[in-house]
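Undergrad: Position chain B relative to chain A; hints supplied.
Number of protein chains: 2
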Amino acid sequence: MGFSGSIYRQLQQISGKQNLTREREECLCYAYDATGTCFLPDAVIFPGSEKEVSLILKLASTENFIVVPRGAGSGMTGGSVPVNGGLVLVTTRMNQILDIDENNFIARVQPGVIVSDIHNRVEEKDLFYPPDPSSSSVCTIGGNIGECAGGPRAVKYGVTRDYVLGLRAVLPSGKVIQTGVRTAKGVAGYDLTRLIVGSEGTLAVVTEITLKLLPKPQTVKTMAVFFDSMQKAAETVSHTMRQAVVPRCIEYLDDASLHLVESSLSFALPEGVKALLIIELDGDGDKVEKDAKNIQNLCFSHDALEVMIAKDQAEAQKLWNARKALSPVMYKIATNKMNEDIVVPIDKIPDMVRVTQEIQKTSGLKVVSFGHAGDGNIHCNIMYHKADKDEFERAEKAVDDLFAATLKLGGTITGEHGVGMTKVKYLPQEIGGTQIELMKGIKRVFDPQNILNPGKIFH
Amino acid sequence: MGFSGSIYRQLQQISGKQNLTREREECLCYAYDATGTCFLPDAVIFPGSEKEVSLILKLASTENFIVVPRGAGSGMTGGSVPVNGGLVLVTTRMNQILDIDENNFIARVQPGVIVSDIHNRVEEKDLFYPPDPSSSSVCTIGGNIGECAGGPRAVKYGVTRDYVLGLRAVLPSGKVIQTGVRTAKGVAGYDLTRLIVGSEGTLAVVTEITLKLLPKPQTVKTMAVFFDSMQKAAETVSHTMRQAVVPRCIEYLDDASLHLVESSLSFALPEGVKALLIIELDGDGDKVEKDAKNIQNLCFSHDALEVMIAKDQAEAQKLWNARKALSPVMYKIATNKMNEDIVVPIDKIPDMVRVTQEIQKTSGLKVVSFGHAGDGNIHCNIMYHKADKDEFERAEKAVDDLFAATLKLGGTITGEHGVGMTKVKYLPQEIGGTQIELMKGIKRVFDPQNILNPGKIFH
Chain A
1 MGFSGSIYRQ LQQISGKQNL TREREECLCY AYDATGTCFL PDAVIFPGSE
51 KEVSLILKLA STENFIVVPR GAGSGMTGGS VPVNGGLVLV TTRMNQILDI
101 DENNFIARVQ PGVIVSDIHN RVEEKDLFYP PDPSSSSVCT IGGNIGECAG
151 GPRAVKYGVT RDYVLGLRAV LPSGKVIQTG VRTAKGVAGY DLTRLIVGSE
201 GTLAVVTEIT LKLLPKPQTV KTMAVFFDSM QKAAETVSHT MRQAVVPRCI
251 EYLDDASLHL VESSLSFALP EGVKALLIIE LDGDGDKVEK DAKNIQNLCF
301 SHDALEVMIA KDQAEAQKLW NARKALSPVM YKIATNKMNE DIVVPIDKIP
351 DMVRVTQEIQ KTSGLKVVSF GHAGDGNIHC NIMYHKADKD EFERAEKAVD
401 DLFAATLKLG GTITGEHGVG MTKVKYLPQE IGGTQIELMK GIKRVFDPQN
451 ILNPGKIFH
Chain B
1 MGFSGSIYRQ LQQISGKQNL TREREECLCY AYDATGTCFL PDAVIFPGSE
51 KEVSLILKLA STENFIVVPR GAGSGMTGGS VPVNGGLVLV TTRMNQILDI
101 DENNFIARVQ PGVIVSDIHN RVEEKDLFYP PDPSSSSVCT IGGNIGECAG
151 GPRAVKYGVT RDYVLGLRAV LPSGKVIQTG VRTAKGVAGY DLTRLIVGSE
201 GTLAVVTEIT LKLLPKPQTV KTMAVFFDSM QKAAETVSHT MRQAVVPRCI
251 EYLDDASLHL VESSLSFALP EGVKALLIIE LDGDGDKVEK DAKNIQNLCF
301 SHDALEVMIA KDQAEAQKLW NARKALSPVM YKIATNKMNE DIVVPIDKIP
351 DMVRVTQEIQ KTSGLKVVSF GHAGDGNIHC NIMYHKADKD EFERAEKAVD
401 DLFAATLKLG GTITGEHGVG MTKVKYLPQE IGGTQIELMK GIKRVFDPQN
451 ILNPGKIFH
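Heads up: the protein sequence lines correspond to chains A and B, in order.
So that you can map any letter, position 411 of the first sequence is 411 in my numbering, and since no number is skipped, the others follow by simple counting.
So that you can map any letter, position 452 of the second sequence is 452 in my numbering, and since no number is skipped, the others follow by simple counting.
So that you can see chain A by itself, here it is in the shape it has in the complex (with noise of 0.2 Å):
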């Protein structure tokens, strides 16, 4: 559509003329996330505070133009890619952490806030924030908010939702809303605070976060534990779980994810070697010992070739960095990546292994495993060369038989990437008419007049 000049100029009164841009080649930087589709915005707007966001919102509603919140664009289902154009409000600049509340265990944060940044500074108090996308050094914690994002740690400690305990947020209509509560405990009417948390932005602009805080854990200690099957790997998963430990990480990297990282690596991967668990442990550190010594054990009675345990933080962290990486290194294989965070029951994992082997075979495309394995969610990547029709084409009928396989063993298509638009014509096979129905009502009755992030979730 493009904006008039009145309703730009408005717009540069309410957040200054160097907060605000049209300029074709800055709105491409806006145009995209990790999923690499592009749809250029008709403007981008940054603005700094709550009040600005407000004053956006109702100008939105009053001249019914677009607006899509923003953070740092590293989604991986396109939730902020503005697909009808309009603007796209990015709220990096609303980066305070307002608050670290020591003694009743709470941070409040504004939504452009880099979750690593959280991490840093809770951690240095002593207090701790789990949830630890591997995007997490850039990402922002009101994208986080938006995707309810997971990662690793969410095997012992949940994910984004277990830790929001309230929001302050803007309506579509300009109101400011808040949501939840600042205490341990709270019911008072709907759960909006967990609504809004994974609506992606279509719902409203989140514009403070008051997250829980745990305490640090003691002692952490990271394992990589080496296989010559994916098989094995998984049945030790599974097994792992069963014991009365729970490791705050499971992770999971396939024979072609390792060779991908492999000189990255602090340490010459086993001879014969097609498997990796990472595996995290955190606590009391006798316990953490004890456990260690366990899982040591169970890995070697599932054949495990090697147990690396790391001798210190470096050692883990250089682990990390290689696992964290996997993302975009991967376009060493292919230009394109068709990249699902599904999700099966723990002991369907050695059953998705068969599956994925088996989509590689009958696609002839290289499929790509790594992930969560701790909670059954697999990052199964689907590579293809976009520019080969041929190409795309498997590689959108090998995601039918990945998503197809995953609900007939009890999964879901998204474990924390969210729909976004990727997979809005995914979702009715998952959940079916009624509850998109539902979701579309509700939609309604926060924004009447579908201008804050159409197009995403459901059509």
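A few of these clues could be false.
Below 25 Å or equal to it, Euclidean Cα-Cα: the simulated DSS-like pairs (lysine-lysine) are [what the hints assert, rightly or not]:
(1) B/K440 x A/K175
(2) A/K440 x B/K58
(3) A/K125 x A/K221
Facing chain A, from chain B, some residues (calculated, C-beta under 7 Å) [said to hold, decoys possible]:
(4) C148
(5) G150
(6) R182
(7) Y190
(8) L195
(9) S199
(10) G272
(11) D347
(12) G376
(13) T412
(14) T434
(15) V445
(16) Q449
Just so you know, these hints were derived from the structure itself, not from any lab.
Values in this document were obtained by computation on a predicted structure and should not be read as measured data.
Yeah, the Cβ is synthetic: ideal placement off N, Cα and C, and Gly gets one too.
TA: Leaving out everything else, chain B in the frame of chain A:
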């Protein structure tokens, strides 16, 4: 209204003659909950399956009559009381534990299962379902879902919402939905699961619940700590939570509560005691031992009169039985109570203690406080005789003062009992008109005819 012969006959056909009644004396049994308020239903039905629930609601939509879902009727805010008459739908016949899946740490249960039956059955398999409201030996899991029940273990483990992975539920139209996932993670669309949890039976009738389970903690240690002032006990709570140890419970009993249960304790109260903390630790044996010592030292450094550690489970159980009996035993003081489950930030508990003492003075009424101090959740009981109009008015004024002080301290008016009918008039003070309008909008999406438990949460 009373049911016409034709509708009544159709209901008889759905659930069988023996599972439906409109006899006044039988209806009376389903006219109240633990608040003591009484509104007579027109009929009571006991469906035996989801199919029957669906047919009942379909008929209710067609014929436009009210349906009020009910579990055991142990609620504290009138959530299941048929304030506008209609058909009470009692879920107690749907009382099957359908599946306990040890490999995937989940249980599937029907809404009428008694919560302590879930505890017992999963613990036999070395699993653990943490939420444990005081009424657990009588209340149903469906009611716990409706109100998002909490209980003492929420300090460490969170509340009901944190253990509900997915639901099957019947909408007022009779349509059945299946929300959420059967896996550890899932973000497929808006979070309808947690929207229904805590919605007090106003959005849908839950017919099946998928619960997340944990490994059963190896050891549990229960301590009774006595103080000569409520203030010192409150300060100890706030300081305990600053340790890197999170007890699974920190319960608090004031002077009045203590003397109410004195006769059922297995030990004599120490001289001069004015407050008791019950602190319970769980986890690995050695770690629990170490933590118990640390906490004992901390308590003595806050002038504890005495710290008793339960020798065995039987002794601990006796302490808990006394604690859990508190709610009913309070009627020894007066015929009625206003039982408010306020929550304040943990470090504001000492302030809240001062407030309740002040309210006791100004109202001239006995105020008995106990509750889940570890998460700031105080059950504050204002005792009065309903027949005494002046006492009733003073009690109402005392509640106004209590809520005003709670909100001023950054708290919430309900931690785990819900709004029901008793807090409808107070809700706007906490969450404001805009949020209430959103909630009403959501209610209309689910229940356009307003036939499901009307008159609750908001007018």
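Undergrad: State for each hint whether it applies.
TA: Hints versus structure:
{"no.": "1", "hint": "B/K440 x A/K175", "result": "holds, 16 Å"}
{"no.": "2", "hint": "A/K440 x B/K58", "result": "holds, 22 Å"}
{"no.": "3", "hint": "A/K125 x A/K221", "result": "holds, 21 Å"}
{"no.": "4", "hint": "C148", "result": "holds, 5 Å"}
{"no.": "5", "hint": "G150", "result": "holds, 5 Å"}
{"no.": "6", "hint": "R182", "result": "holds, 5 Å"}
{"no.": "7", "hint": "Y190", "result": "holds, 5 Å"}
{"no.": "8", "hint": "L195", "result": "holds, 5 Å"}
{"no.": "9", "hint": "S199", "result": "holds, 6 Å"}
{"no.": "10", "hint": "G272", "result": "violated, 29 Å"}
{"no.": "11", "hint": "D347", "result": "holds, 4 Å"}
{"no.": "12", "hint": "G376", "result": "holds, 5 Å"}
{"no.": "13", "hint": "T412", "result": "holds, 4 Å"}
{"no.": "14", "hint": "T434", "result": "holds, 5 Å"}
{"no.": "15", "hint": "V445", "result": "holds, 3 Å"}
{"no.": "16", "hint": "Q449", "result": "violated, 14 Å"}
The structure fails to meet hints 10, 16 from the earlier list, while all remaining hints are met.
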